[in-house]
Amino acid sequence: MQYRRLGNSELQVSAVGLGCNNFGGNPVNAASGTVYGALDFDRARAVIDAAFDAGITLFDTADVYGEGGSEEQLGRVLKGRRQQVVLATKWGSGIDPASGIAWGSRDYIRRACEASLRRLGTDFIDLYQMHWPCPRTPIEETLAALDELADEGKVRCIGHSHMAAWQLADADWTARANGVRRFVAAQDHYSLLAREAERELLPACARFGVGLLPYFPLANGWLTGKYRRGQPAPEGARMAGRAIDERTYDIIESLIAFADARGLSLADVAIGALLSRREVACVIAGATRPEQARANAAAADWIASTADMTELETLLAPGAVGTAQ
Numbered sequence: 244m245q246y247r248r249l250g251n252s253e254l255q256v257s258a259v260g261l262g263c264n265n266f267g268g269n270p271v272n273a274a275s276g277t278v279y280g281a282l283d284f285d286r287a288r289a290v291i292d293a294a295f296d297a298g299i300t301l302f303d304t305a306d307v308y309g310e311g312g313s314e315e316q317l318g319r320v321l322k323g324r325r326q327q328v329v330l331a332t333k334w335g336s337g338i339d340p341a342s343g344i345a346w347g348s349r350d351y352i353r354r355a356c357e358a359s360l361r362r363l364g365t366d367f368i369d370l371y372q373m374h375w376p377c378p379r380t381p382i383e384e385t386l387a388a389l390d391e392l393a394d395e396g397k398v399r400c401i402g403h404s405h406m407a408a409w410q411l412a413d414a415d416w417t418a419r420a421n422g423v424r425r426f427v428a429a430q431d432h433y434s435l436l437a438r439e440a441e442r443e444l445l446p447a448c449a450r451f452g453v454g455l456l457p458y459f460p461l462a463n464g465w466l467t468g469k470y471r472r473g474q475p476a477p478e479g480a481r482m483a484g485r486a487i488d489e490r491t492y493d494i495i496e497s498l499i500a501f502a503d504a505r506g507l508s509l510a511d512v513a514i515g516a517l518l519s520r521r522e523v524a525c526v527i528a529g530a531t532r533p534e535q536a537r538a539n540a541a542a543a544d545w546i547a548s549t550a551d552m553t554e555l556e557t558l559l560a561p562g563a564v565g566t567a568q
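So for the sequence shown, the working numbering puts the first residue at 244; every next one is plus one.
It cannot be assumed that every hint is accurate.
If you anchor each label on the Cβ, the simulated ranges turn out as follows [stated by the list, open to error]:
1) Leu559 x Gly473: 41 to 47 Å
2) Arg349 x Gly506: 26 to 32 Å
3) Asp296 x Gly337: 30 to 36 Å
4) Gly364 x Ser336: 27 to 33 Å
5) Ala500 x Asp292: 33 to 39 Å
6) Arg532 x Gln255: 35 to 41 Å
7) Gly452 x Ala500: 36 to 42 Å
8) Gly396 x Gly452: 18 to 24 Å
9) Arg471 x Arg349: 46 to 52 Å
10) Glu443 x Asp394: 43 to 49 Å
11) Gly506 x Glu534: 18 to 24 Å
12) Ser336 x Leu559: 26 to 32 Å
Derived by calculation from the structure, the hints in this document are not laboratory data. Heads up, the beta-carbon is just placed ideally off N, CA and C, and yes, glycines get one too.
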C-alpha cells in the first residue's frame, strides 16, 4: 500500500480507503439490500479487519449510514488502533431541503459532531466533512463552526462532499478572507465510467490544494467485471433488472481486454487509473466481504502510466457513459 498526503493538510492517508456505507446492522436495510447500513457487527468487523491488515488506514463513514450504526461499528472495531487510522465521517445528508433545517449552521454542526464523536468512541475526528452543501446557511457560518471545532481539538481537518467547483472556490476564498481553516478534501462520484469531475472539480482541487476522494470507483460493480453482455446480472447485484445500453458493454469489454493484456483485474485498472491523477489523494471503495477489501487494497499496487492513460482515453467516451453510473 502506498500512502499520500491529503491535500494541503498534514494527514497521510492510504491510497485506497474503505467506504463504510454498508455497515450499521439495520435489519430493514439488510432485508431490502438497497439502503445504506445492512451489515451486522460481525460481518462489518471482518471487512474492517481485512482492510486494516491490507494497509488501509482511511475509513470513511457518515452519521446517516445505518442510522448511526456504521459509526458505532467502526468505533468498536478500531478501538485500540485509533492512532493508526484516519477516521473520516460526514454530516448533513438525508435531510429534505424543504424542511427548513439548516444543517450548515453552527448549532447543527456542533450537535452532529458531538453525536458522531460519541458513536465513534473517540475524542477527535481526523476528517470531518459536509455531506451536501446547505442552501440555507452562508458558507462563512459553516466554516467558522468547523474552525471552532478544530480549535477545540475535536476535528483535525475539514472537507466536503458534492460541492461544485465554484462552491469550492467560494469556500476557499471565504476561508482565506476570514482567517479560518480551509477545506483540504473533496468527495465526489468519479470513476472511469463517470468522469464529470474531470471537467471542473479536479482542476479546482489542484488549484486550491484539495485532495479528491472519489467514491463509487467501481461504478456500482460495473468495473469489477460482474456484468457481462448476454448474461443476467448476479442475484442481488445493484444493476439486476435494469436495462443496460450496448455502448456500456462495448467499453467494459475494451477495458477487460486492456486489463488482461497487463495481467490485471478490471478493478485494478479502475482504481489504478484514478490514482494516476495527482489530484486524487485516496480512492474510497466499499466492501461487503473481506476478500473485496483485500482486492481493493491490492489495486493500489498498479498506477497507470502516461502511456496507459493515453490508451485508456481511446477506449472511453467523454463524460458519463450510459447507465453504468
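Legend entry - CB-CB spacing for Leu559 and Ser336 relative to the 26 to 32 Å hint: Given about 30 Å between the Cβ atoms, the range holds.
Inset, instruction - Could you say whether the range 36 to 42 Å given as a hint is met by the Cβ separation of Gly452 and Ala500? - result: 37 Å, holds
Inset, instruction - Could you check the hint for me, namely that Arg349 and Gly506 are 26 to 32 Å apart, CB to CB? - result: For Gly506 against Arg349, whose Cβ atoms are near 53 Å apart, the range 26 to 32 Å is violated.
Inset, instruction - Kindly confirm whether 35 to 41 Å is satisfied by the beta carbon distance between Arg532 and Gln255. - result: Because 27 Å falls outside the window, the suggested range is violated.
Legend entry - Satisfaction of the hinted span 33 to 39 Å by the C-beta atoms belonging to Ala500 and Asp292: 35 Å, holds
Inset, instruction - Indicate whether the distance between the beta carbons of Gly364 and Ser336 respects the range 27 to 33 Å. - result: At 22 Å between Cβs, range violated.
Inset, instruction - Note whether the CB distance of Gly506 and Glu534 lies within 18 to 24 Å or breaks it. - result: 19 Å, holds
Inset, instruction - May I ask you to test the hint 18 to 24 Å on the CB atoms belonging to Gly396 and Gly452? - result: Since the Cβ atoms of Gly396 and Gly452 sit about 23 Å apart, the hinted range of 18 to 24 Å holds.
Inset, instruction - Could you say whether the range 43 to 49 Å given as a hint is met by the Cβ separation of Glu443 and Asp394? - result: For Asp394 against Glu443, whose Cβ atoms are near 32 Å apart, the range 43 to 49 Å is violated.
Legend entry - Cβ distance range 30 to 36 Å for Asp296 and Gly337, holds or violated: Holds, at about 32 Å.
Inset, instruction - With 41 to 47 Å as the target window, see if Leu559 and Gly473 comply at their CB atoms. - result: 22 Å, violated
Legend entry - Verdict for Arg471, Arg349 (Cβ pair) under range 46 to 52 Å: Roughly 51 Å apart at Cβ, these two residues keep to the hinted range, so it holds.
Hint compliance for this structure: hints 1, 2, 4, 6, 10 are broken, all remaining hints hold.
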